[in-house]
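S.K.: Listed here are the chains, written in short residue letters.
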Amino acid sequence: MGWVTRRQLTSLFGALSLVLALAGLALGLPALNSALPADRPVASDRPYAVGGGVTVVPPPGSRIDVTETRPAEHSGTVLFRLGPVRYLITVRRFEGDLNAAADRLRQRITGTAGYQVTGTELAVATGSGLAGLQGGYTAPGRGGRYLVFVAAGRTIEVTVSGADLDLGRTLPAIDASTRTLRYDPVGPA
Amino acid sequence: MTAEPRLRSERTAPVQPGADPGLGLVRLPAFWIVLALVGVGAVRMAMIAGRFAGPYPVATVTAAALFALLAVPFWFVVRELDFLEREPPALLALAFAWGGLVATTVSIPASAALDDLVAKLGSPHLAADWGGALAGPTVEEIAKTLGVVAIVLVARAQVNSVLDGVVYGAMVGLGFQIIEDIVYALSAVALAGRGDHVEPVITTFLLRGFVSGLWSHTLFGALAGAGIGYLVVRADRTWRIRLGVAMLAVLGAWASHVLWNSPLFRDGLGNGALALLAVLIFKGLPPLLLILVLVRAAHDREADYYAAQLATLADPELITEAELEVLKSGSRRATARWHARNQAGLRARAAVRRLQRAQARLAVELSRGTTDLDRWQHEVRRQRRVLAGLGHPEAIAPDGKGPWRRTASAVFTTALAIAVLWAAISTLGGG
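Chains as they are written, first to last, in the numbering used here: chain A, 7 to 195; chain B, 51 to 481.
One or more hints might be untrue.
Said to hold, decoys possible - Distance ranges between label pairs, derived from CB positions:
| id | chain 1 | residue 1 | chain 2 | residue 2 | range |
| --- | --- | --- | --- | --- | --- |
| 1 | B | 90 | A | 145 | 29 to 37 Å |
| 2 | B | 286 | A | 23 | 34 to 42 Å |
| 3 | B | 287 | A | 12 | 19 to 27 Å |
| 4 | B | 207 | A | 116 | 54 to 62 Å |
| 5 | B | 101 | A | 124 | 33 to 41 Å |
| 6 | B | 97 | A | 55 | 48 to 56 Å |
| 7 | B | 123 | A | 129 | 48 to 56 Å |
| 8 | B | 90 | A | 122 | 47 to 55 Å |
| 9 | A | 116 | B | 461 | 33 to 41 Å |
| 10 | B | 339 | A | 52 | 44 to 52 Å |
In short, the hints are calculated from the structure, not lab data.
Idealized CB from N, CA, C, for every residue including glycine.
All chains should be modelled from the sequences, with the hints used to inform the complete structure.
M.R.: This is the structure:
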């Protein structure tokens with residue numbers, strides 16, 4: 007040890023403490039986060055407030071993923087999970103028409119490597135009268151459906167994704183849930 | 051005249067001069083470990099940039115260019131904070147790199163995880179309202195403060211005053227701010243879903259660069275850095291006090307960041323440009339004023355220390371009594387340069403600036419106990435001869451001249467800043 011000075015040892019231990027602190031942040035917090043469950047039960051017999059004045063009745067048997075659910079006054083996101091199927095609703099401020107909103111959503115979907123939009127878009131409507139467009143997309147190992155609605159300066163984007171078999175099993179319940187989407191103004195945007 | 055130095059010296063920690071680290075730091079394990087961390091951060095951030103550069107090449111180049119330009123004035127202002135004992139550019143670059151590459155790399159997964167934990171342990175509503183205000187500041191302020199600690203580990207001798215801590219902390223914060231802004235700008239492009247367009251980049255630049263640029267990470271980093279500076283240099287205090295002050299400073303940076311990110315007054319003052327300006331000032335001004343007062347006090351303490359070093363020379367060719375007083379104050383230094391220009395032209399102004407720098411460098415070498423001062427004294431005498439040749443031998447700031455100009459300059463700068471803020475807010479739709 008004669009050739010290692012005390013200053014060098016202090017420097018080494020100091021730097022290793024630094025690495026440990028960084029690892030605690032970059033690895034420790036995500037590990038702690040992963041150790042805690044993210045899903046919560048959600049009632050499917052009454053509307054759930056997504057945010058921005060939009061509500062939806064969740065599909066029976068779905069659970070809410072709190073890590074991707076952020077309800078706010080003028081916008082919001084909610085992620086329902088039906089087993090391995092993701093049912094995501096996002097409300098954002100938007101200045102434009104339905105076609106522009108659909109175009110934007112399509113671009114974001116195809117912007118992810120391996121994602122392709124399939125088929126043609128269909129006109130859809132919710133029980134409360136919101137008009138929208140619906141289409142499908144594929145990704146490696148999974149398929150999906152997207153819907154988009156525009157209501158008073160907001161866009162409501164719905165994406166459903168999962169393996170084909172799981173989708174086939176859950177889509178009727180998700181379709182029924184989507185038809186319950188409703189927008190009630192919450193004041194100035 | 052006698053009371054002033056005593057009052058100033060009471061305000062903050064003393065200066066502890068240290069030797070120039072030179073190449074000796076390459077023998078320290080901390081140097082290589084910190085360098086490795088910066089390398090890992092660089093690879094990680096390059097991967098993130100690569101993901102955006104593929105689909106959005108024009109937006110990526112625009113964002114990088116705009117925010118790099120924004121960094122330039124910030125860099126010079128931060129560097130000039132410590133006029134008397136300038137920090138080595140390599141260490142400033144290391145601090146910047148830590149903020150931009152290491153702190154960001156760590157903060158991206160850690161902030162997301164903490165935000166999720168707020169939602170899991172609290173509720174999605176709590177996370178939506180306060181997640182950004184709690185998670186970001188908690189992780190980011192720690193990661194940035196570790197950057198100042200890294201500088202201390204690499205070059206302890208270079209952190210010899212509270213002001214040095216402020217400078218390195220601000221530089222870490224600046225690096226973080228610039229890289230984070232670029233990532234935000236490119237995320238906005240991806241979110242817009244309109245392909246490779248630069249409008250979201252411009253909007254992000256106005257919002258995060260101009261509207262919130264002044265009271266962002268650079269400021270928070272400076273506050274935390276002051277605490278680390280105090281911890282390092284205040285050897286005359288107990289560890290408990292030094293640690294307490296350092297933690298208080300980091301807590302102050304965290305609290306300022308939380309206030310800035312918080313939903314408080316988000317809609318409370320209305321939607322107009324004036325309301326938004328009021329919110330910005332309410333949330334950003336307190337930490338800005340706090341750090342200004344702190345910098346002023348630390349600068350005064352350092353100036354007193356180095357002026358005392360120069361006074362021991364008792365050689366008017368190196369520094370006169372009047373120049374000693376000038377050297378202690380940033381505004382008086384500026385007034386002396388302005389006075390030189392009025393008296394003897396632009397060359398005299400430049401010569402005064404070089405003289406002041408040479409005098410400051412001589413003071414630093416004196417404080418380090420350098421035995422052979424010929425090189426530094428020669429440079430001061432050389433600049434003195436230049437000034438004498440221009441008919442302006444002494445770099446003085448005449449009494450009564452200059453303050454009105456500084457006041458006018460401050461008023462003009464403030465008005466310009468408000469005008470730029472107003473224009474940015476109006477462009478973003480606040481008006």
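S.K.: Please check whether residue 97 (chain B) and residue 55 (chain A) have a Cβ separation lying inside 48 to 56 Å.
M.R.: For residue 55 (chain A) against residue 97 (chain B), whose Cβ atoms are near 37 Å apart, the range 48 to 56 Å is violated.
S.K.: Evaluate the given range 19 to 27 Å for the C-beta pair formed by residue 287 (chain B) and residue 12 (chain A).
M.R.: Given range 19 to 27 Å: holds, Cβ gap about 23 Å.
S.K.: With respect to the beta-carbon atoms only, verify the hint that residue 339 (chain B) and residue 52 (chain A) lie 44 to 52 Å apart.
M.R.: Between residue 339 (chain B) and residue 52 (chain A), where Cβ atoms are some 50 Å apart, the hint holds.
S.K.: Does the Cβ pair residue 116 (chain A), residue 461 (chain B) satisfy 33 to 41 Å?
M.R.: For residue 461 (chain B) against residue 116 (chain A), whose Cβ atoms are near 53 Å apart, the range 33 to 41 Å is violated.
S.K.: Tell me if the beta carbons of residue 286 (chain B) and residue 23 (chain A) are separated by a distance inside 34 to 42 Å.
M.R.: 25 Å, violated
S.K.: Is 48 to 56 Å right for how far apart the beta carbons of residue 123 (chain B) and residue 129 (chain A) are?
M.R.: 53 Å, holds
S.K.: Does the Cβ-Cβ separation between residue 207 (chain B) and residue 116 (chain A) fall within 54 to 62 Å?
M.R.: 55 Å, holds
S.K.: Is it true that residue 90 (chain B) and residue 145 (chain A) lie within 29 to 37 Å of each other by Cβ?
M.R.: The hint (29 to 37 Å, Cβ to Cβ) holds, given that residue 90 (chain B) and residue 145 (chain A) are roughly 30 Å apart.
S.K.: For residue 101 (chain B) and residue 124 (chain A), compare the CB-CB distance with the range 33 to 41 Å and indicate the outcome.
M.R.: 24 Å, violated
S.K.: That 47 to 55 Å hint for residue 90 (chain B) and residue 122 (chain A) (C-beta), does it hold up?
M.R.: Between residue 90 (chain B) and residue 122 (chain A), where Cβ atoms are some 35 Å apart, the hint is violated.
Hint compliance for this structure: hints 2, 5, 6, 8 and 9 are broken, all remaining hints hold.
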